[in-house]
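One line per chain: the protein sequences are A and B, in this order. In terms of our numbering, the numbers along the first sequence are unbroken and rise by one, the last being 256. In terms of our numbering, the numbers along the second sequence are unbroken and rise by one, the last being 256.
For the record, the hints were derived by calculation from the structure and aren't laboratory data. It cannot be assumed that every hint is accurate.
No copy labels: a pair is met if it fits in one copy or bridges any two.
Unchecked claim - Heads up, simulated BS3-like pairs for lysine-lysine below, C-alpha to C-alpha not over 27 Å straight-line:
id: 1; residue 1: 150; residue 2: 75
id: 2; residue 1: 150; residue 2: 98
id: 3; residue 1: 183; residue 2: 112
id: 4; residue 1: 96; residue 2: 143
id: 5; residue 1: 161; residue 2: 98
id: 6; residue 1: 150; residue 2: 96
id: 7; residue 1: 127; residue 2: 18
id: 8; residue 1: 120; residue 2: 67
id: 9; residue 1: 67; residue 2: 98
id: 10; residue 1: 78; residue 2: 183
id: 11; residue 1: 143; residue 2: 98
id: 12; residue 1: 18; residue 2: 183
id: 13; residue 1: 143; residue 2: 183
id: 14; residue 1: 143; residue 2: 95
id: 15; residue 1: 183; residue 2: 75
id: 16; residue 1: 134; residue 2: 98
id: 17; residue 1: 120; residue 2: 150
id: 18; residue 1: 98; residue 2: 183
id: 19; residue 1: 98; residue 2: 112
id: 20; residue 1: 96; residue 2: 112
id: 21; residue 1: 161; residue 2: 18
id: 22; residue 1: 150; residue 2: 183
2 protein chains.
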Amino acid sequence: MEQYFVKETIKQGLFEISDKEIYKHVATVLRHRIGDVIYLVDENSELFESTIKNIDAENKLISVETVKSDKPSTEMPIDVTIACSLSKKDKVEWITQKSTELGAKRIVFFNSKYSIMHWKSNVVEKKMLRLQEIAKNAAQQSKRRIIPEVIYLKDISELNKFTEDLKLIAYEESAKDGESSILAQSLNKPHNSVVCVFGPEGGISSDEVTDLESNGFVSIGLGPRIMRAETAPMYFLSVLSYSYELNSK
Amino acid sequence: MEQYFVKETIKQGLFEISDKEIYKHVATVLRHRIGDVIYLVDENSELFESTIKNIDAENKLISVETVKSDKPSTEMPIDVTIACSLSKKDKVEWITQKSTELGAKRIVFFNSKYSIMHWKSNVVEKKMLRLQEIAKNAAQQSKRRIIPEVIYLKDISELNKFTEDLKLIAYEESAKDGESSILAQSLNKPHNSVVCVFGPEGGISSDEVTDLESNGFVSIGLGPRIMRAETAPMYFLSVLSYSYELNSK
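In isolation and in its complexed conformation, chain A is listed as follows:
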């Protein structure tokens, strides 16, 4: 049963879907009919089982009867932000899609010394709109209750302003030094929010790491194998989910 995000607050009862994209998908692509059930998530992250009552083809409106769902939330109990150095278009899109599936709340892309790509200021807005759309679609598909926010930072140093409880850097040099316990130690303590920074293929420069460390970030290793820049955030998010959602402590 598919799920859509609407921008309004839904109250139990009749609700009119005004989003033309949802109309297109429900009425034209999937050819739903009166009586079919879809799920809607409103601006308050509430999930509603919604039975189609009317399809107005002329005005592209769908009326549904909504009942609040008692399905448990699919959101992680900790707010997770991943911050990745800019990379090629397909990698950035891929990171956005997979991080959404894996439960990230915020997905940050930043410029750094060895970033594979740099975005000119006149393309940033267009790129961010596209990534935000990818996040929305992935959130709908993976049955999230929120759409992760995609953020662009002109410089890695803007991460210093981040205020998460736990601030980490996935640092290849730490992994090479055999650092293998800080992540597990950190996750064994209670936290409400975490951010982890991932460098480009060429790595974060040691100056950049030093600067982040002097602003409360801690460098961690993610195991003995070298992961590509896009694989490491997936590893991190999977581990967060396991620790907070599956691990029976």
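With the hints as your guide, set chain B onto chain A.
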């Protein structure tokens, strides 16, 4: 410093690299010179720091002086097999690459009732060669000590013959039922080997699950969000690495 797999046993001292692909990469692509150092992994998974002593352009041979490396192994302390239903070409290739980066020892693709793709018998060999090549390249890049074996099974029922200590099915219906503790419970016990089965986008049929379960497989949930078919194995491998390589018990 890049790494290559050779098929021979290396003894400390002089070694001649006869693999023409390695020659091409070292001498032509990267233009290494005498005195440069590369790493070689031999058929016994031993790593050798290898200093180039001669490059014979005519016969495409490279001679190196090898010294056994004392770098710790990058292999997981548990043998992990992932078994995925056949999917589109790019997904199958992607799973092979990422699973290699994440430490899988065997990567199995099988036909099942709802598989997105089926391979005709006359294309299997060619496809397997290509996947094995992807695994080799990813293993070199991520500094593995072995190349994961890629295996094709004509039918999901062939998994019944698998003899791993721990046999799991990532089953969407289990996740939907809120099952969230079996994986963590299982990983808290000692195991030498594990296999986990991942269904296609359409899921594994309940008949297929029942058959596997009657052969020692246990169904597990991997958290509350719906993951795409290619994302779930990455989640699993990341969790295995965390449990066995990072978690400070």
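In rising order, the numbers of the hints this structure does not comply with: 7, 8, 9 and 21
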